[in-house]
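Visitor: If you read the sequences in order, they're chains A and B. Here the first sequence stands for residues 5 to 341, numbered as in our numbering. Here the second sequence stands for residues 225 to 550, numbered as in our numbering.
Source of the hints: derived by calculation from the structure; they are not laboratory data. Each hint should be verified, as a subset may be incorrect.
The list that follows gives simulated cross-link-like pairs (lysine to any residue, SDA-like), each with its CA atoms no further than 20 Å apart [claimed, not checked]:
hint, chain 1, residue 1, chain 2, residue 2
1, A, Lys78, A, Ile95
2, B, Lys400, B, Ala424
3, B, Lys400, B, Leu332
4, B, Lys400, B, Ala226
5, B, Lys348, A, Ile95
6, A, Lys128, B, Glu287
7, B, Lys248, B, Leu291
8, B, Lys350, B, Ser327
9, B, Lys348, B, Gly383
10, B, Lys400, B, Pro259
11, B, Lys348, B, Glu308
12, B, Lys350, A, Thr246
13, A, Lys78, A, Val132
14, A, Lys128, B, Asp286
15, B, Lys348, B, Arg311
16, B, Lys348, A, Thr148
17, A, Lys128, B, Arg240
18, B, Lys348, B, Asp286
19, B, Lys400, B, Gly298
20, A, Lys78, A, Thr246
21, B, Lys350, A, Leu25
Partial list, derived from the structure: chain A residues whose beta carbon lies under 7 Å from chain B [said to hold, decoys possible]:
hint, residue
22, Met190
23, Ala192
24, Gln233
25, Glu235
26, Thr239
27, Ala242
28, Leu245
29, Arg252
30, Pro257
31, Phe329
32, Pro333
33, Arg334
34, Ser338
From the three backbone atoms N, C-alpha and C, an ideal C-beta is built for every residue, glycine too.
Now for the letters of each chain:
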Amino acid sequence: MVRAIAWRVAGVVPVLFLVTLVLFLLLRLAPGDAADLLVPDDASEAEILRIRERWGLDRPLLEQYFSFLLNLLKLDLGRSYRYGADVFELIASRVPATIELATLALLAASLIAIPLGILAALRKGTAVDGAVSVFAIAGVSTPTFWLGILLVLLFSAELHLLPSGGRLPYGVQLPERTGLHLVDAMLAGRFDLLGLIASQLILPVMTLAFSMVGIISRITRGAIIDVAQEEFITTSVAKGLTRGAIIRHHLLPNATVPITTILGLELGVLISGSIIVEVVFSWPGLGTLLYQSISVRDIPLVTGIVVTYTTLFILINVVIDVIYFIIDPRIRASQGA
Amino acid sequence: MAEPILSIDRLSIHVRAGGGVRLKIVDDISFDILPGQFFALIGESGSGKSMIARAIMRLMPDEVLDLRGEIRFGGHDLAHAGEELLRPLRGSEISMIFQEPMSSLDPLMTIERQLSEAVEAHGKRKGAAMRAHIIDLLTRVRFRNPEQIMRSYPHELSGGMRQRVMIASALINEPKLLIADEPTTALDVTIQAQVLDIIASLARDYGLAVLFISHDLSLVYENADEIAVLYGGMLMERGPARAIIEAPAHPYTSALLACVPRRRTGARQEGIEGAVPSVSDWPPGCRFAARCAWRQPQCTQHEIAFLDLPDRRVRCVAPLRESAPA
Chain A
5 MVRAIAWRVA
15 GVVPVLFLVT
25 LVLFLLLRLA
35 PGDAADLLVP
45 DDASEAEILR
55 IRERWGLDRP
65 LLEQYFSFLL
75 NLLKLDLGRS
85 YRYGADVFEL
95 IASRVPATIE
105 LATLALLAAS
115 LIAIPLGILA
125 ALRKGTAVDG
135 AVSVFAIAGV
145 STPTFWLGIL
155 LVLLFSAELH
165 LLPSGGRLPY
175 GVQLPERTGL
185 HLVDAMLAGR
195 FDLLGLIASQ
205 LILPVMTLAF
215 SMVGIISRIT
225 RGAIIDVAQE
235 EFITTSVAKG
245 LTRGAIIRHH
255 LLPNATVPIT
265 TILGLELGVL
275 ISGSIIVEVV
285 FSWPGLGTLL
295 YQSISVRDIP
305 LVTGIVVTYT
315 TLFILINVVI
325 DVIYFIIDPR
335 IRASQGA
Chain B
225 MAEPILSIDR
235 LSIHVRAGGG
245 VRLKIVDDIS
255 FDILPGQFFA
265 LIGESGSGKS
275 MIARAIMRLM
285 PDEVLDLRGE
295 IRFGGHDLAH
305 AGEELLRPLR
315 GSEISMIFQE
325 PMSSLDPLMT
335 IERQLSEAVE
345 AHGKRKGAAM
355 RAHIIDLLTR
365 VRFRNPEQIM
375 RSYPHELSGG
385 MRQRVMIASA
395 LINEPKLLIA
405 DEPTTALDVT
415 IQAQVLDIIA
425 SLARDYGLAV
435 LFISHDLSLV
445 YENADEIAVL
455 YGGMLMERGP
465 ARAIIEAPAH
475 PYTSALLACV
485 PRRRTGARQE
495 GIEGAVPSVS
505 DWPPGCRFAA
515 RCAWRQPQCT
525 QHEIAFLDLP
535 DRRVRCVAPL
545 RESAPA
């Protein structure tokens with residue numbers, strides 16, 4: 005198992021190589037000159053040349069790429085054009101906000117969608133099944149930015165129940181250790197802050213979760229229905245097991261593999277898919293940072309963020325593979341546990 | 225004569241087919257199984273034999289619309305019993321093994337858990353006694369290393385081994401009736417004989433009645449006490465196994481016997497001319513008439529009733545034992 009995981013992690017290297025190559029070429033082949041953005045409008049030619057030289061933009065593209073790769077090995081992603089700060093540190097300061105949002109959204113979506121999917125499968129063809137279907141389609145087809153704005157209008161502007169954005173209200177201080185606010189508040193013993201932090205999280209989490217409920221509940225429903233048709237379910241009825249025991253011991257465990265797959269994929273999609281939601285809710289995560297860095301052509305920062313997204317995506321897949329190992333003895337056997 | 229353990233009385237099964245059509249796939253079947261009897265139900269695919277097997281335990285697919293007639297077992301009519309009556313009987317009084325050993329065990333569970341849950345469902349044994357009982361049964365289905373088998377997952381066992389586990393699981397609560405629905409069809413020929421032998425000898429040891437379902441008469445040559453031959457959802461011939469195999473009275477039974485490969489003589493195997501007509505367009509009269517070598521004009525004119533011969537019943541206007549060329 006350790007060997008199999010090591011292989012998966014090693015798979016990051018070629019993927020990152022390809023991703024950075026494509027990204028590097030695209031960003032530099034795009035029309036416009038990054039140096040234009042680094043100088044005032046009235047800068048002289050000499051000044052532009054000096055800036056180019058300072059940021060290494062005058063060197064051949066291939067040379068720039070190789071020095072980027074060499075630096076990447078040292079976790080040095082360069083300096084942001086806009087902030088002047090170290091890209092790695094900028095990203096590191098934003099990653100926890102995105103992870104907090106994405107995992108809570110996935111958790112909320114799973115808690116809603118999996119029971120709904122199970123219910124729909126067990127009541128296949130009834131009004132309950134139909135209602136879950138309609139809810140699922142509504143979730144999939146509602147654009148997140150629209151839902152986000154709608155929720156802000158309703159709960160913040162109209163009802164004044166929840167804040168419209170940000171991670172913490174102005175003036176609230178929280179000692180950061182993990183960067184995950186709920187965790188930090190508990191570590192610091194500031195349980196009084198949990199409610200405040202949660203109220204900031206509710207709207208963005210719900211907006212993201214709603215978009216996933218549809219897919220997760222449909223996959224869960226399909227997985228349960230597929231397993232229900234397996235011969236070993238007939239065997240377990242023939243053994244005289246109760247309906248509850250069959251569902252708990254045979255139906256649900258066998259449906260976990262497809263459900264885990266979709267949860268992993270959705271988490272990957274979430275980490276990058278939260279960009280719009282982060283912008284709508286002024287959530288200071290990677291998504292907002294990417295949005296800002298693209299709009300000012302901050303090439304080192306854009307590159308760094310995309311590399312981070314790719315790495316996170318691959319790591320999530322490794323975790324999913326580990327979960328397969330735990331659930332399914334056949335996968336354990338085929339991977340030489 | 226002993227009281228039958230299972231008595232099927234005028235059983236008919238209707239299913240829903242595409243386009244809202246109702247099909248009668250099992251038509252007015254009656255037979256009794258006595259305690260300890262090895263009863264073979266023989267028919268080609270599509271004859272309705274598996275549907276009868278599943279109807280007894282009420283494990284029918286969703287397409288089944290209704291059951292008519294009675295399935296009497298232990299003073300109850302299983303055809304019309306509710307879940308609260310059926311569940312305690314399943315796996316305890318009546319057990320079943322299936323055609324596909326590869327898919328009839330849960331792939332995520334060890335053999336030990338699958339066997340012990342069968343015991344626990346009926347609360348007959350617990351803890352160490354249960355474990356000892358499981359080891360004993362695995363030994364009886366001829367595993368030399370029962371403890372290792374208990375720790376295994378289904379994918380680690382071959383088809384024949386899984387079917388032996390299924391047999392152990394079916395017999396674990398000492399039922400009175402075992403339904404074996406083509407239990408050897410999916411196995412290699414060499415394994416078939418072993419599995420069949422295990423079922424037959426355990427049935428003798430436990431005094432267990434067996435309803436053995438097969439398309440292959442050669443499989444039941446040695447073990448069956450009683451044979452019923454099914455064609456197109458109707459019983460064609462029923463009687464003592466020896467009498468039927470030695471002198472089939474129904475042309476269909478005779479044709480089935482002709483299909484049995486004669487390994488020793490190496491004689492060429494004959495098939496039965498033609499195919500089973502589809503359930504929706506049965507001809508009037510005898511359903512086998514279209515494929516029958518001895519067809520007579522009256523075969524297709526009206527429903528053919530059972531004819532009672534001294535040792536059996538046969539649904540034929542001209543049974544071979546009286547009229548067939550020798």
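Visitor: With a cut-off of 7 Å, does the beta carbon of Met190/A approach a beta carbon of chain B closely enough for the hint to hold?
Guide: violated (36 Å)
Visitor: A closest beta-carbon separation below 7 Å is what the hint needs, so does Glu235/A meet it against chain B?
Guide: Holds - the Cβ of Glu235/A comes within 7 Å of chain B, reaching about 4 Å at its closest.
Visitor: Pro257/A was flagged as interface toward chain B. Is the shortest Cβ-Cβ separation under 7 Å?
Guide: holds (5 Å)
Visitor: Taking 7 Å as the limit, does the beta-carbon of Gln233/A come near enough to a beta-carbon in chain B?
Guide: violated (9 Å)
Visitor: For the pair supplied as a hint, Lys400/B and Gly298/B, confirm whether the alpha-carbon distance does not exceed 20 Å.
Guide: Answer holds: Lys400/B to Gly298/B is near 10 Å, not above 20 Å.
Visitor: Within a Cα-Cα threshold of 20 Å, do Lys400/B and Ala226/B meet the stated pairing?
Guide: Within the cut-off at roughly 14 Å; holds.
Visitor: Go through the hint on Ala242/A and say holds or violated, using the shortest Cβ distance to chain B against 7 Å.
Guide: holds (5 Å)
Visitor: Would the stated hint for Arg252/A survive a check requiring a Cβ distance to chain B of less than 7 Å?
Guide: violated (11 Å)
Visitor: So if I understand the rule, the pair passes when the alpha-carbon distance is 20 Å or less; does Lys400/B with Ala424/B pass?
Guide: Status holds; Cα separation ~14 Å.
Visitor: Given the hint that Lys78/A pairs with Ile95/A, does the C-alpha gap stay at or below 20 Å?
Guide: Between Lys78/A and Ile95/A the Cα gap is close to 15 Å, so the pair holds against 20 Å.
Visitor: Decide if the proposed pair is consistent with the structure: Lys128/A and Arg240/B, CA atoms, cutoff 20 Å inclusive.
Guide: holds (18 Å)
Visitor: Would you check whether Leu245/A satisfies its interface hint, that is, whether its CB is within less than 7 Å of any CB in chain B?
Guide: holds (5 Å)
In the structure shown, a violation is registered for the earlier hints numbered 3, 5, 8, 9, 13, 16, 18, 20, 21, 22, 23, 24, 29, 31, 34, in ascending order.
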